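2 protein chains.
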Amino acid sequence: MDYKAPLRDISFVLDHVAPIAELAACEDFAHADRETVVGVLEEAARFCEEVVAPTNRDGDSEGSQLRDGRVVTPASFKRAYEQYVAAGWGTLSHPVEFGGGGFPTLVAVAFKELFTSANMAFSLGPLLTTGAVELMTAHCDEEQQQLFLPRMVTGEWTGTMNLTEPQAGSDVGAVATRAEPQADGTYRIKGQKIFITYGDHDLTDQIIHLVLARTPDAPVGTKGISCFLVPKFLFDADGTLGERNDVTVVSVEHKMGIHGSPTCVMAFGEESDGAVGYLIGEPNRGMSYMFTMMNDARLGVGVQGLSIAERAYQQAAAYAKERRQGRAPDGRKGEQSAIIEHADVRRMLMTMKAYIEAMRALCLVNAHATDLAHHHPDTMVREEQRKLADLLTPLSKAWSTDLGVELTSLAVQIHGGMGYIEETGVAQHYRDARIAPIYEGTNGIQALDLVSRKLPYDGGAFVKGFLAQMADTATSLPHELSDIGERLAAAVNFLDEATNHLFANAANPVEAFAGATPYARMFGQTVGGWLLARSAAAARAQMAAGADPADQAHLEAKIATARFYADQLLPMVMGLMPAVTAPASELFAVGIDQLG
Amino acid sequence: MDYKAPLRDISFVLDHVAPIAELAACEDFAHADRETVVGVLEEAARFCEEVVAPTNRDGDSEGSQLRDGRVVTPASFKRAYEQYVAAGWGTLSHPVEFGGGGFPTLVAVAFKELFTSANMAFSLGPLLTTGAVELMTAHCDEEQQQLFLPRMVTGEWTGTMNLTEPQAGSDVGAVATRAEPQADGTYRIKGQKIFITYGDHDLTDQIIHLVLARTPDAPVGTKGISCFLVPKFLFDADGTLGERNDVTVVSVEHKMGIHGSPTCVMAFGEESDGAVGYLIGEPNRGMSYMFTMMNDARLGVGVQGLSIAERAYQQAAAYAKERRQGRAPDGRKGEQSAIIEHADVRRMLMTMKAYIEAMRALCLVNAHATDLAHHHPDTMVREEQRKLADLLTPLSKAWSTDLGVELTSLAVQIHGGMGYIEETGVAQHYRDARIAPIYEGTNGIQALDLVSRKLPYDGGAFVKGFLAQMADTATSLPHELSDIGERLAAAVNFLDEATNHLFANAANPVEAFAGATPYARMFGQTVGGWLLARSAAAARAQMAAGADPADQAHLEAKIATARFYADQLLPMVMGLMPAVTAPASELFAVGIDQLG
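If you're matching them up, the sequences are chains F and U in order.
Following my numbering from start to finish, the first sequence increments by one per residue and tops out at 832.
Following my numbering from start to finish, the second sequence increments by one per residue and tops out at 832.
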């Protein structure tokens, strides 16, 4: 199944919803004008379509394997990765001083969409490396940066994140890996880590592990965790690799999906008095350093929901145009109709299309806010945009990844029996998509983050202001879109009421936590409706201004998609409302011994 | 992961919601009193827990394989199947005259739940055999019945259903397999069939294929399809097997799940002038014969949604009690809480529990209606119950199998990262569950069946009467449950409004079809609420009558579960309403070239 990068849809968002032009106010992005960015994305589309997308099925059926203590990735991955490094795709948004392209996160997220649609399992190595680079750019000393970053920015060396241990998953504070300080200023790391993505592989010679561990006498919990650099190979001052560090792969997990991505159990210092590690920044600050890259990593996982849904949607639409079964009410007598002519199949495709466009807009608006938060010259703007990015991040992550699962399921359904056969390829998307609601903070954790950390910003005034902004959009839509505006206004009202309920119960965390998941869904659903309403308004303005006739159908589709969403998907917020406001006691009314 | 048959929950339904006692009015079921049935189910529980459940993981990892033209099933399947035949579980609901147990469908469905929870892939062979026996009991001549049925009733021989061809899936009328009449009264069958469950296997010596095919000059479409018996081995009058018939396995599909169940491409008559086949009943009546067993088969697939959800729920609840992460708001300081203490995990478990109890009640009420429709002495009762069974069948199938997917997904989520690892076993449930919304009529087809075939019964009066019955329950609940009654009444009102909308648009099939899927979900969701409300009322009555203190917590849980469902799950019908009533044009407003 071919993949075609949806450049026209992405450009529409960059022009009208998360305007790349607004980033011109940031001196750092002077080189990232619209024309340059579109050129970069066109090049990225070619790379993802032609080089990466063809590795997706192979990667799934071959998988990454542990052989003689080393991880062997699928054969096609090595060729694609060489081209990834050679073309410099890894450098896109990294700092220019370390060889990066210095492009906005907005562009990096657009690239991530294409790259992940092309092959999610393949994209994870670079995703983790990017996270490591961000953390190291913010917190490593200059010597470490000069030594590591130029090679990691290109992808010549990759990075990993070693947080999880058997007893420490969502509860990172329970980390038990030890770090003993040495006379020479280094540390010896001892412990086991699980679920380490690309913990080992054969795509590069060197791997830099970022490892959370405790120094002796560190305080318990999250306040006693430090962050260490632990290279796979020791090396000298100019980066020439020397002997192996004591870092070994214990096993590679057999997973439901993303088979190409090696998920490793890693042992540090098991065969010696510890793996050699270098402290990043100060002791006991590891968790706060992790938070530096948390937003970007969570947004990156949100993009996975979007990307897999988009690829599955393309495959389902192609199948629905080709596959003929039954006769649609206005089909020709004696002929089977293409199933895309059946209302129910059309509903599934429209549901996919509408949610995908809403997710894409959300992820790009989130990225846009991140860029302004870091690069806008005005402190006030930076501060407001930081809060916006913080508010949107759990939505990008949880809403998009839950939808990734729901929409790949629809894509399977459209394929009928063929969808259940692995060779068709759509089952892979469904299996791959299922990890995204789990990792990088489960979606339950995202909902808690939204309710307990983000809603309280400015004593609640920030989120209220955001809701008011959505309500403004609803009332200021042009007359022809007023039906969409009414639906949006109704949804925002419900969300406002739900928000008030949570504020009223803020003193009692159990109450707030109990409604968090349905509230987060309501919020995502409403933001999606808001962004599509804005898309519709932009499309209408373009048409009124006399759009190129070649764009007419595309712009009309934007409006029709927004209307479908407003009429048929957005009303879900009504149905979720009672679950937000029900008392927490209702969740606990059935005793533990009556469960299971 | 151990499986424990939920006998107490099943008995509760058989006592209060789909009363086994009411079947006493049917002479055929004189022997199936409550005590006997409970004894049978206790025995079935032991068999399913101890013999079948342990084969589930093996069956998934080993899978059924094609070797040298024959299908080899997982090693553990052979031992379990021998015991299945020896203990006579296959005979349960089949006619006494052919060696069956003559038990009600109600009991057969309760057994099916346990059997499918234990191993869905294993259960499919017997499920298909049961369907074949039903069709043959209704339509074969006596000679055929005497020859085939005694061996098929026990499971000594198995049966298959050969409907689908590459161009004929949902569109069965497009079947192209040919049947040439011979001078001796037999036929020669030529054609290829796909997606044939247990099309070949090594569990029994003989397999009886029921094959849809066209005789020369048969009318086009569904009116020209005949049904044939095609045995794997030819045999003589006393059933002694002779030479192979020309029936071959072309390939076995690689599927996302139910790996233990061989899904075969079958070739009939490819190496000769045709496989030997025997006509069932009259020519061109094949489709109507298939409909004989369609309701039971669809209900059987609905049970799969229930069964897989139940098994995944048991596993998730056990994990949530054991796994410790973070500290719940009232947890002990410095200690990790079991994740079942976290509100969000509890929400997932309660969602599973509530839906599972609703699905179980629905499937058993559906079976109860089927029994009365066939066996009640009063024609009027039979007729009314037949309509009820017909109305409920697409709901049992579509609602339960969609929920099977949703709830196994929650079970994966509760497991966090471990849920994505195949060895944990919960991923298998998620993969297994995904086929059920597809086969035996996709859920889109079920929704169309509901809207276009069932709603018109008695000019709409039948469904309106059913809605009125649900509304009656809502208003007649005891005072202590009046909050549940209000929620139920509101949902029935919405459903009534949606039903009126469909009636008003009945002349225009596109409009009715466009809203069919959200309407079916609304309907299932409401029926679920109605059945749980009835459960709550029954539990309360029992408590008022002075229940055994050992049952107190169980009965209280029934009420709490119904309340959770009414307050937090049932309101979804509000959110679905606009999708039912939106004009069909909204689904078609985006042109085909703008999709994908």
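Treat the hints with care, as some may be off.
Identical copies look the same in the list; a pair holds intra-copy or inter-copy alike.
As the list claims (entries may be wrong) - Once the Cα atoms are required to be at most 30 Å apart in a straight line, the calculated DSSO-like pairs of lysine-lysine come out as:
1. Lys557 - Lys459
2. Lys690 - Lys700
3. Lys240 - Lys459
Think of the hints as simulated: they come from the structure by calculation, not from any bench.
All figures in this text were calculated on a predicted structure; none of them were measured in a lab.
For each hint, the structure was consulted:
1. Lys557 - Lys459: Between copies only: 28 Å across, 56 Å inside.
2. Lys690 - Lys700: within (11 Å within a copy, 48 Å between copies)
3. Lys240 - Lys459: Neither: 46 Å inside a copy, 43 Å across copies.
Comparing the model with each numbered hint stated earlier shows that hint 3 is the single one that does not hold.
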